[in-house]
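Q: Which chain is which? The protein sequence lines are A and B, in order. Under the numbering used here, read the first sequence as residues 34 to 462, first letter to last. Under the numbering used here, read the second sequence as residues 34 to 462, first letter to last.
Everything labelled a hint here was simulated from the structure, so no lab data went into it. Any given hint might turn out to be false.
Unchecked claim - Capping the alpha-carbon separation at 27 Å, the derived lysine-lysine pairs in DSSO-like fashion look like this: (1) Lys-82(B) to Lys-57(B); (2) Lys-358(A) to Lys-57(A); (3) Lys-273(B) to Lys-273(A); (4) Lys-57(A) to Lys-365(B); (5) Lys-358(B) to Lys-57(A); (6) Lys-358(B) to Lys-57(B); (7) Lys-371(A) to Lys-57(B); (8) Lys-365(A) to Lys-371(B); (9) Lys-365(A) to Lys-273(B); (10) Lys-82(A) to Lys-57(A); (11) Lys-358(A) to Lys-273(B); (12) Lys-358(A) to Lys-358(B); (13) Lys-365(A) to Lys-358(B).
Said to hold, decoys possible - Per the computed footprint, the stretches of chain A lying under chain B, defined by three or more beta-carbons under 8 Å from a beta-carbon of chain B, are: (14) 52-62; (15) 166-172; (16) 177-190; (17) 327-335; (18) 338-344; (19) 351-357; (20) 441-447.
We put the beta carbon where it would ideally sit given N, CA and C, even for glycine.
There are 2 protein chains.
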Amino acid sequence: MTQLTIGLLGCGNVGGAFADLLEKRRDAIAARTGIDLRVGAIAVRSVAKHRDHVSNPDLLTTDTRAVIENPEVDLVVELIGGIEPARELITLALGAGKPVVTGNKELLANHGAELYAAAAANGVDLLFEAAVAGGIPLIRPLRESLVGEDVARVMGIVNGTTNYILTQMAQHGAAYADALAGAQQLGYAEADPTADVEGYDAGAKAAIIASIAFGVSVVAGDVYHEGISSITSTDIEMAKRLDYVIKAVAVVEGDTSGDTPEVAVRVHPAMIPADHPLASVNDSFNAVFIEGNAVGDLMFYGRGAGGDPTASAVLGDVIDAALNKVAGTSAKIGELVKARIRPIDDLTCAYYLSIEVADRPGVLAQVAAVFGDHAVSIQSMEQRGLGDDAELIFITHSCREADVRATLHALRSLDSVNHINSLIRVVGA
Amino acid sequence: MTQLTIGLLGCGNVGGAFADLLEKRRDAIAARTGIDLRVGAIAVRSVAKHRDHVSNPDLLTTDTRAVIENPEVDLVVELIGGIEPARELITLALGAGKPVVTGNKELLANHGAELYAAAAANGVDLLFEAAVAGGIPLIRPLRESLVGEDVARVMGIVNGTTNYILTQMAQHGAAYADALAGAQQLGYAEADPTADVEGYDAGAKAAIIASIAFGVSVVAGDVYHEGISSITSTDIEMAKRLDYVIKAVAVVEGDTSGDTPEVAVRVHPAMIPADHPLASVNDSFNAVFIEGNAVGDLMFYGRGAGGDPTASAVLGDVIDAALNKVAGTSAKIGELVKARIRPIDDLTCAYYLSIEVADRPGVLAQVAAVFGDHAVSIQSMEQRGLGDDAELIFITHSCREADVRATLHALRSLDSVNHINSLIRVVGA
Numbered sequence: 034m035t036q037l038t039i040g041l042l043g044c045g046n047v048g049g050a051f052a053d054l055l056e057k058r059r060d061a062i063a064a065r066t067g068i069d070l071r072v073g074a075i076a077v078r079s080v081a082k083h084r085d086h087v088s089n090p091d092l093l094t095t096d097t098r099a100v101i102e103n104p105e106v107d108l109v110v111e112l113i114g115g116i117e118p119a120r121e122l123i124t125l126a127l128g129a130g131k132p133v134v135t136g137n138k139e140l141l142a143n144h145g146a147e148l149y150a151a152a153a154a155n156g157v158d159l160l161f162e163a164a165v166a167g168g169i170p171l172i173r174p175l176r177e178s179l180v181g182e183d184v185a186r187v188m189g190i191v192n193g194t195t196n197y198i199l200t201q202m203a204q205h206g207a208a209y210a211d212a213l214a215g216a217q218q219l220g221y222a223e224a225d226p227t228a229d230v231e232g233y234d235a236g237a238k239a240a241i242i243a244s245i246a247f248g249v250s251v252v253a254g255d256v257y258h259e260g261i262s263s264i265t266s267t268d269i270e271m272a273k274r275l276d277y278v279i280k281a282v283a284v285v286e287g288d289t290s291g292d293t294p295e296v297a298v299r300v301h302p303a304m305i306p307a308d309h310p311l312a313s314v315n316d317s318f319n320a321v322f323i324e325g326n327a328v329g330d331l332m333f334y335g336r337g338a339g340g341d342p343t344a345s346a347v348l349g350d351v352i353d354a355a356l357n358k359v360a361g362t363s364a365k366i367g368e369l370v371k372a373r374i375r376p377i378d379d380l381t382c383a384y385y386l387s388i389e390v391a392d393r394p395g396v397l398a399q400v401a402a403v404f405g406d407h408a409v410s411i412q413s414m415e416q417r418g419l420g421d422d423a424e425l426i427f428i429t430h431s432c433r434e435a436d437v438r439a440t441l442h443a444l445r446s447l448d449s450v451n452h453i454n455s456l457i458r459v460v461g462a
Numbered sequence: 034m035t036q037l038t039i040g041l042l043g044c045g046n047v048g049g050a051f052a053d054l055l056e057k058r059r060d061a062i063a064a065r066t067g068i069d070l071r072v073g074a075i076a077v078r079s080v081a082k083h084r085d086h087v088s089n090p091d092l093l094t095t096d097t098r099a100v101i102e103n104p105e106v107d108l109v110v111e112l113i114g115g116i117e118p119a120r121e122l123i124t125l126a127l128g129a130g131k132p133v134v135t136g137n138k139e140l141l142a143n144h145g146a147e148l149y150a151a152a153a154a155n156g157v158d159l160l161f162e163a164a165v166a167g168g169i170p171l172i173r174p175l176r177e178s179l180v181g182e183d184v185a186r187v188m189g190i191v192n193g194t195t196n197y198i199l200t201q202m203a204q205h206g207a208a209y210a211d212a213l214a215g216a217q218q219l220g221y222a223e224a225d226p227t228a229d230v231e232g233y234d235a236g237a238k239a240a241i242i243a244s245i246a247f248g249v250s251v252v253a254g255d256v257y258h259e260g261i262s263s264i265t266s267t268d269i270e271m272a273k274r275l276d277y278v279i280k281a282v283a284v285v286e287g288d289t290s291g292d293t294p295e296v297a298v299r300v301h302p303a304m305i306p307a308d309h310p311l312a313s314v315n316d317s318f319n320a321v322f323i324e325g326n327a328v329g330d331l332m333f334y335g336r337g338a339g340g341d342p343t344a345s346a347v348l349g350d351v352i353d354a355a356l357n358k359v360a361g362t363s364a365k366i367g368e369l370v371k372a373r374i375r376p377i378d379d380l381t382c383a384y385y386l387s388i389e390v391a392d393r394p395g396v397l398a399q400v401a402a403v404f405g406d407h408a409v410s411i412q413s414m415e416q417r418g419l420g421d422d423a424e425l426i427f428i429t430h431s432c433r434e435a436d437v438r439a440t441l442h443a444l445r446s447l448d449s450v451n452h453i454n455s456l457i458r459v460v461g462a
């Protein structure tokens, strides 16, 4: 039996659940792998604070570097989050030849390429299943099972908060503000919900998915994002009538056939056909849908957040890193190459548009002419409401985003158009 | 750049697709892994037969042993299927220190433990992602990501043929015989559909899933199975009215807490709540739903058969085995321990029952009394039809299968009961 000792940085929601889970599963893991894993040191902000899942308070320290430099520590688990000091600490651990398991999406979405290179240079593992889609095995299948696959597109519901809000709106007719307040009461949304509802959290995950799926260097700042705060009950209702659901999605597309690979990475609300597998992913669940050239359509579904599911992902990585360490090997990501980021204007898809208009004869003809002038062709149109409440709802055929934006610009200057209410991309059709 | 040569046994639907896919992806794989993979020898039944995807017919031979013993061959891919000579050939390859990738579910479901042990003894990989659920990454996540997880249950739609037939019956009101004939026309079902519709194919996959999920030795003969050929349009229609769908499922449950682990492995049609993630898995798609103690609910969805998706799974394994070979390591399954197989009589779940009765006063009281006598309590009852066509449809509360069987036995001796039409287990509620 090989004994390996883990140095744990951070013992909050996920860190505590991890310490707990490892203790429960220690014997079973030893029986299946021949490795006896234990937590040997835990860096926390306050040593005095009582912690249910830490049986031995002597393990606690506020000195993060000491945990990494402790000669007994074989493996480091980083769960403190944020960019600094996590970046410095992970770099230190890798430099000391100690494998690192992290769930830090913000760090990887901004400094991933540098850290993967440091891991490779030191011949040790840097594993991060917990950083994207919580407990769902996604990074390992992408890195290993699908490394030979020509992936065309990855589309994910990777933020549980926004999925919960949109599910409440769709299933109970809740208004956005009420659904958000409910999510906050349940602890699904923070007091300041910006990171979730404006797509920053999903954007960081999209950057990591893009890097792994296409072997390119993509950072959070490369991701186009739109939030869900402008989605109205009318949009939700119209989506249902047209046999769609509205979901907040992260979409990653890549073309690695040319000399310089090109990727498109974006996060936005989308209309998804009701019979698409992602459409029935509800509440705070996450799912990632992968379109591969040979494998066809794949979907991975599960809990994208929460202490226990995330701790499960961390534990899977820890066991993997431990097995690799014993075997004297490490998982390779390969060098991430520079990619051209495709601008959102170059996106081609269908669009849902809701436009508030004056309700008088000839308006539709005027509006339709503007669409036609910009090479945007209309698949279906429906008028909702009358008089001052009249709205025209369009679904376009597939067209370029730049043309749709030019159409909207021109429509705004029409007397008969009062307001552009919504513009939602249609995906998965 | 490391060069590795593959010996391919079998060049049918999957073998051909694999040779093709490897050729297409060879450069991309080399760029990402540093390994240049090529097929160096192919064993086939007929060398004369024209093959589109074999660019160099000189690689073809009918001598399977020569392919394995060829000193240029570093890795063996076995896609001939069946038990012998596949078993002998894989054993030969492993003994020669050559990693093996196989999609042979029949072999692994009957001789898995022996072959995994041979791989371990020789320190080489035996990988078999393609044997269960085709292109869906399932075995690797189970073996690696979830090795530390306390898995409670795995429930899968792992046979595309029966899922296609049941989807046709549910969505288009087709009768079983017509749906089967349609599946045969499309090539989804064989001329003799027994292996699919009676659950033998799914049973072999269930045995493999049970072995990997719980680290126990389970063979195909341990699996309880019922086919779908007795499912009627009435069952399908009643399921819909009661907010269920009928799916053919493989269910694997384990309890590894005692000295001897206990597993239940069964394949049968089941009523699944319409809002369960498995319920919307339609047509020939497969999906595997995993219930873990820490990770919660997970589902993996995709193509369970077909040349390209299965070839994608084979390619993922080949790259993994190649990377391991270069690193001088191999994946470990661990020793599979003996388990007690829980008999179907000990199953506890809810049941759907359809009973043809004489339509006269007092019959329900008689029937209900028999249920009560056997400690089977009724959750809902509904009468369908009148006179000679009268049917009583029951859904029970959760109860023991042995008690339900005793109930049916006693009901058959009642004058007022003409026929037991259906008994379908309710799962996922």
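Q: Compare the structure with each hint and give your call.
A: We went through each hint and held it up to the structure:
In summary, the hint linking Lys-82(B) to Lys-57(B) is supported, as the alpha carbons are separated by about 23 Å, within the 27 Å threshold. Proposed proximity of Lys-358(A) and Lys-57(A) is supported: the alpha carbons are some 23 Å apart, at most 27 Å. About 21 Å separates the Cα atoms of Lys-273(B) and Lys-273(A), which keeps this hinted pair within 27 Å; it holds. A threshold of 27 Å between alpha carbons decides the hint, and for Lys-57(A) with Lys-365(B) the separation of about 22 Å falls inside it, so the pair holds.
Taking the CA atoms of Lys-358(B) and Lys-57(A), the gap is about 34 Å. The hint is violated against a cut of 27 Å. Of the supplied pair hints, the one linking Lys-358(B) and Lys-57(B) holds, its CA atoms being roughly 22 Å apart against a limit of 27 Å. For the proposed pair Lys-371(A) and Lys-57(B), the alpha carbon gap of about 23 Å is at most 27 Å, so the pair holds. Of the pairs offered as hints, the one joining Lys-365(A) and Lys-371(B) is violated, with about 36 Å between alpha carbons and a cut-off of 27 Å exceeded.
Among the hinted pairs, Lys-365(A) with Lys-273(B) is inconsistent with the structure: their alpha-carbon atoms are about 49 Å apart, more than 27 Å. Only pairs whose Cα atoms come within 27 Å are accepted, and Lys-82(A) paired with Lys-57(A) is accepted, the gap being roughly 23 Å. Distance hint between Lys-358(A) and Lys-273(B) is unfulfilled; the C-alpha atoms sit about 52 Å from each other, more than 27 Å. A C-alpha spacing of about 16 Å is found between Lys-358(A) and Lys-358(B), which places the hinted pair at or below 27 Å, so the restraint holds.
Proximity of Lys-365(A) to Lys-358(B) is assessed by CA-CA distance (about 14 Å); at most 27 Å being required, the pair is judged to hold. Check on the stretch 52-62 of chain A: 6 of its residues sit with their Cβ under 8 Å from a Cβ of chain B, so the three-residue criterion for coverage holds. Look at the stretch 166-172 of chain A against chain B: 3 of its residues bring a Cβ nearer than 8 Å to a Cβ of that chain, three or more, so the hint holds. Counting residues of the stretch 177-190 of chain A whose C-beta lies closer than 8 Å to any C-beta of chain B gives 7; at least three are required, and the coverage claim holds.
Here the stretch 327-335 of chain A counts 9 residues with a CB under 8 Å from a CB of chain B, which clears the bar of 3, and the coverage holds. Only when three residues or more bring their CB closer than 8 Å to a CB of chain B does the claim for the stretch 338-344 of chain A stand; here the count is 4, and the claim holds. Look at the stretch 351-357 of chain A against chain B: 5 of its residues bring a Cβ nearer than 8 Å to a Cβ of that chain, three or more, so the hint holds. Beta-carbon proximity to chain B at under 8 Å applies to 0 residues in the stretch 441-447 of chain A; the threshold of 3 is not reached and the given coverage is violated.
Hints 5, 8, 9, 11, 20, counting from the list given before, are not met by this structure.
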